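J.: Note that numbering that gives the first Met the number 0 has the sequence shown beginning at 0, numbered continuously upward.
Incorrect hints may appear among the rest.
[As the list claims (entries may be wrong)] So the derived label-pair ranges between C-beta atoms look like this:
{"#": "1", "residue 1": "V23", "residue 2": "W254", "range": "29 to 37 angstroms"}
{"#": "2", "residue 1": "A502", "residue 2": "P275", "range": "40 to 48 angstroms"}
{"#": "3", "residue 1": "S91", "residue 2": "L227", "range": "50 to 58 angstroms"}
Rather than coming from a laboratory, the hints here were simulated on the basis of the structure.
Keep in mind it's a predicted model, so treat the numbers as computed, not measured.
Glycine included, C-beta positions come from ideal geometry on N, C-alpha and C.
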Amino acid sequence: MNNTLFKALVLNEWRLRSRRLSSVVILLVVIALSWLMVLDPKTGYAMMVSAKQRMVYDSHTLAFGSTIIAIFLFGLFGFYLARGRSQEDLRSGTATVLAATPVGNRDLLLSRWVGSLGFLLALATALMLTIWVLQLVRGEGPLQPLPYLQMLVFGLLPGLVWCASLGVLSDAWAPLMGKRGDLLYFVLWMLQFAAMPATLTQAHPALSAWQVLDIGGVSPLLVRFVELTGRTSLSVGGGPFDPLLPLLQMPTDYWNAQLVALRLGAALLALLPLLPALALFHRYAPDKVKLRQQGARWRVVVLTERLLRPLTRGFRLLFTLGAHLPGWPGRVLADLGLILLSQPLLGLGLLAAVPVGALLPAQHLPVALGLSLLAWGLAVADAGSRDHQSGLAPLAGATPGGSAERVLRSLGAPWVLGLLVCAPVLLRWLPEAPLRVLAAVTGLLSCAAASALLGFWTRGSRSFLVLFLFALYLSLQVRDIPVLDLFGLNDAANAGSALTHLAGGLVLSLALGLSARRSGLRPA
Numbered sequence: 000m001n002n003t004l005f006k007a008l009v010l011n012e013w014r015l016r017s018r019r020l021s022s023v024v025i026l027l028v029v030i031a032l033s034w035l036m037v038l039d040p041k042t043g044y045a046m047m048v049s050a051k052q053r054m055v056y057d058s059h060t061l062a063f064g065s066t067i068i069a070i071f072l073f074g075l076f077g078f079y080l081a082r083g084r085s086q087e088d089l090r091s092g093t094a095t096v097l098a099a100t101p102v103g104n105r106d107l108l109l110s111r112w113v114g115s116l117g118f119l120l121a122l123a124t125a126l127m128l129t130i131w132v133l134q135l136v137r138g139e140g141p142l143q144p145l146p147y148l149q150m151l152v153f154g155l156l157p158g159l160v161w162c163a164s165l166g167v168l169s170d171a172w173a174p175l176m177g178k179r180g181d182l183l184y185f186v187l188w189m190l191q192f193a194a195m196p197a198t199l200t201q202a203h204p205a206l207s208a209w210q211v212l213d214i215g216g217v218s219p220l221l222v223r224f225v226e227l228t229g230r231t232s233l234s235v236g237g238g239p240f241d242p243l244l245p246l247l248q249m250p251t252d253y254w255n256a257q258l259v260a261l262r263l264g265a266a267l268l269a270l271l272p273l274l275p276a277l278a279l280f281h282r283y284a285p286d287k288v289k290l291r292q293q294g295a296r297w298r299v300v301v302l303t304e305r306l307l308r309p310l311t312r313g314f315r316l317l318f319t320l321g322a323h324l325p326g327w328p329g330r331v332l333a334d335l336g337l338i339l340l341s342q343p344l345l346g347l348g349l350l351a352a353v354p355v356g357a358l359l360p361a362q363h364l365p366v367a368l369g370l371s372l373l374a375w376g377l378a379v380a381d382a383g384s385r386d387h388q389s390g391l392a393p394l395a396g397a398t399p400g401g402s403a404e405r406v407l408r409s410l411g412a413p414w415v416l417g418l419l420v421c422a423p424v425l426l427r428w429l430p431e432a433p434l435r436v437l438a439a440v441t442g443l444l445s446c447a448a449a450s451a452l453l454g455f456w457t458r459g460s461r462s463f464l465v466l467f468l469f470a471l472y473l474s475l476q477v478r479d480i481p482v483l484d485l486f487g488l489n490d491a492a493n494a495g496s497a498l499t500h501l502a503g504g505l506v507l508s509l510a511l512g513l514s515a516r517r518s519g520l521r522p523a
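Full structure from sequences and hints, please.
T.: This is how it looks when you write it as structure tokens:
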């Protein structure tokens, strides 16, 4: 393939990703989180604090701290921004055209990888420029671009390569194209931090060859900081400090040959998923991948459907019951049946959550509720975009209530489903912790509204899914900040945080209604 054609393919990949509304949403979220974590020292909190001493806000400190934060954020968001091209090709009808082109599999996958990596790198550069502006506003030293560029290339780039490579693999292999691949990556993203505490709690932390396997780079970057400063206690992203203590200075000789070699080796390891992607690429073959698979399927899928057939019959009863209920409640019940019937395995998990929440010992209820919320988020992620993805959006105007009500039901049905699934746990909490119950109810409302609104705006489910998974992860990890206790899992929520989530849910619901109205959707 000549260079002109390859360049055209790469630019096409970059443009398609950059024009997604979901990409803009994710970028704004990353920038907002970065600004929130780079706190103004006048508040008594700082971005980097060690033993109650804050670090001076110069270029070296802000570059290091923002890179640590960006590794976490782009490590999660980057994969979901890089993937999804195969499904778009199938929905738009360009899959058959691509399958018939003379472009080879290697060139096609390589162009997609380069395009996605360039797009992620552009987002990371935009974040870096945002931190530059922040340093000009809150900084305590002259702006020096070199520390930022070093952190971008050696600190963040290997993780971006990893996200782009896994995104290409998930699009090339049919079993990873859907929510299965989304969930597997989220689990992988959480597991990569499992070995970090063991590395940092050693008596004398030191860089080792094994840290080349930490492609994200948090462990080697923090170990290098410990080597230079001798401080094993470090808070990145916001922590209180004592203003009477002297300020700490970030070492200027941070990068050495060993650390650079580790990061270059990690970048090379991040290319490995491209090998199975090339070997497993479906090339849109009808017997391997299809938008709505009807023919050849895995034996495991067929067997699972047979085993779940009694359950799916029960889900179909919701349609019958909904037909006998008058008005809006009956149609919401039918939407509940559609959510469960279209994803029977998740429906089984949600159904099992009811007796588990009623019978499990009280000390295990937060874990059970967290797992139930994970299944709920996966199940309702495409509630706001299902009509568009299946090509049935124009028919919604002919249904009772019209298109506008159909859009609003994409909020109501997920919220009702979440309340039903969480009801056993919430009823057990109600006598002793009513604020915890209020936090869960308002958190479900805000997430259901976000699912409907982002699905309506982006015509896809991935933007909500990645934000929901990140919010759920934060609520499980940060246990003492009320506003982050989105569902009352940590019993840290208070009336103020619950009202904040309620206000957020109402604002998102209002935005959904206004968006539906501006799009020309009217009740029947």
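J.: If a hint holds in the structure, say so; if it does not, say that too.
T.: Hint by hint, here is what the structure shows:
1. V23 to W254: 29 to 37 angstroms: Check passed, 33 angstroms falls within 29 to 37 angstroms.
2. A502 to P275: 40 to 48 angstroms: Taking Cβ atoms as reference, A502 and P275 lie about 47 angstroms apart, which means the hint holds.
3. S91 to L227: 50 to 58 angstroms: holds (51 angstroms)
In this structure, every one of the numbered hints holds.
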